[in-house]
Amino acid sequence: NAGVTQTPKFRVLKTGQSMTLLCAQDMNHEYMYWYRQDPGMGLRLIHYSVGEGTTAKGEVPDGYNVSRLKKQNFLLGLESAAPSQTSVYFCASLFTGANVLTFGAGSRLTVL
Amino acid sequence: AQSVTQLGSHVSVSEGALVLLRCNYSSSVPPYLFWYVQYPNQGLQLLLKYTSAATLVKGINGFEAEFKKSETSFHLTKPSAHMSDAAEYFCAVEAGTYKYIFGTGTRLKVLA
Chain A
41 NAGVTQTPKF RVLKTGQSMT LLCAQDMNHE YMYWYRQDPG MGLRLIHYSV
91 GEGTTAKGEV PDGYNVSRLK KQNFLLGLES AAPSQTSVYF CASLFTGANV
141 LTFGAGSRLT VL
Chain B
1160 AQSVTQLGSH VSVSEGALVL LRCNYSSSVP PYLFWYVQYP NQGLQLLLKY
1210 TSAATLVKGI NGFEAEFKKS ETSFHLTKPS AHMSDAAEYF CAVEAGTYKY
1260 IFGTGTRLKV LA
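As they're listed, the protein sequences go chains A and B. If you want our numbering, it's the 1-based position in the first sequence plus 40. If you want our numbering, it's the 1-based position in the second sequence plus 1159.
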């Protein structure tokens, strides 16, 4: 049981480039989330999804887009990367029966 | 909007000493509250959660937290610190149905 898998684990981008982070979960969870973690700021919610085909904005959605075409996958896209998007990104999924988030190992993104 | 505030971004304790990590919440109604732990280069994992069943909540690895409505607090404690407790700890609140907001984190250092 792999849980929540994030790819890639590391990526370096130049300003203006685009990329997509992939989150996959094999636990049949309905809810999925994308957070970014920055020093001194904790985890901030970017976008989340309450089910296949649905997405919603979190605390810091600007500059990001998401898609949930399949229940097991939640994609986070950066259309035009900026240095301010240098961060560690965490995906999580939720087992609603226990109200517990399961996190992936993180994706470290550097934008030069 | 519901939020949590963690006092102290860094806490150092000696091995065997009491661990106290502080979290205060802002909410007009008793919220669901959580403590998560992040070990180096890993995702977050649940330590414990408060869901109104009992004000004193016991979690994994000997940690516990007490919900105090009068103080709007949910501080995390452990009677005797171990070197393996060195990690970053995050308090979180359910700010909407299955929408989770995290605090800024407290990094715990355990001194030999």
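There may be inaccurate statements among the hints.
[Stated by the list, open to error] Using 27 Å as the maximum straight-line C-alpha spacing, the simulated DSSO-like pairs for lysine-lysine come out as follows: (1) B/Lys1228 x B/Lys1258; (2) A/Lys54 x A/Lys97; (3) A/Lys49 x A/Lys110; (4) A/Lys54 x A/Lys111; (5) A/Lys49 x B/Lys1228; (6) A/Lys110 x B/Lys1258; (7) B/Lys1258 x B/Lys1208; (8) A/Lys111 x B/Lys1258; (9) B/Lys1208 x B/Lys1268; (10) A/Lys97 x A/Lys110; (11) B/Lys1217 x B/Lys1268; (12) B/Lys1268 x A/Lys97; (13) B/Lys1228 x B/Lys1217; (14) B/Lys1217 x A/Lys97; (15) A/Lys111 x A/Lys97.
These aren't lab readings, by the way, just hints derived from the structure by calculation.
Here is what the structure says about each hint:
no., hint, result
1, B/Lys1228 x B/Lys1258, "holds (21 Å)"
2, A/Lys54 x A/Lys97, "holds (25 Å)"
3, A/Lys49 x A/Lys110, "holds (21 Å)"
4, A/Lys54 x A/Lys111, "violated (31 Å)"
5, A/Lys49 x B/Lys1228, "violated (41 Å)"
6, A/Lys110 x B/Lys1258, "holds (20 Å)"
7, B/Lys1258 x B/Lys1208, "holds (15 Å)"
8, A/Lys111 x B/Lys1258, "holds (18 Å)"
9, B/Lys1208 x B/Lys1268, "holds (23 Å)"
10, A/Lys97 x A/Lys110, "holds (18 Å)"
11, B/Lys1217 x B/Lys1268, "holds (22 Å)"
12, B/Lys1268 x A/Lys97, "violated (35 Å)"
13, B/Lys1228 x B/Lys1217, "holds (18 Å)"
14, B/Lys1217 x A/Lys97, "violated (33 Å)"
15, A/Lys111 x A/Lys97, "holds (18 Å)"
This entry does not satisfy hints 4, 5, 12 and 14, going by the numbered hints stated previously.
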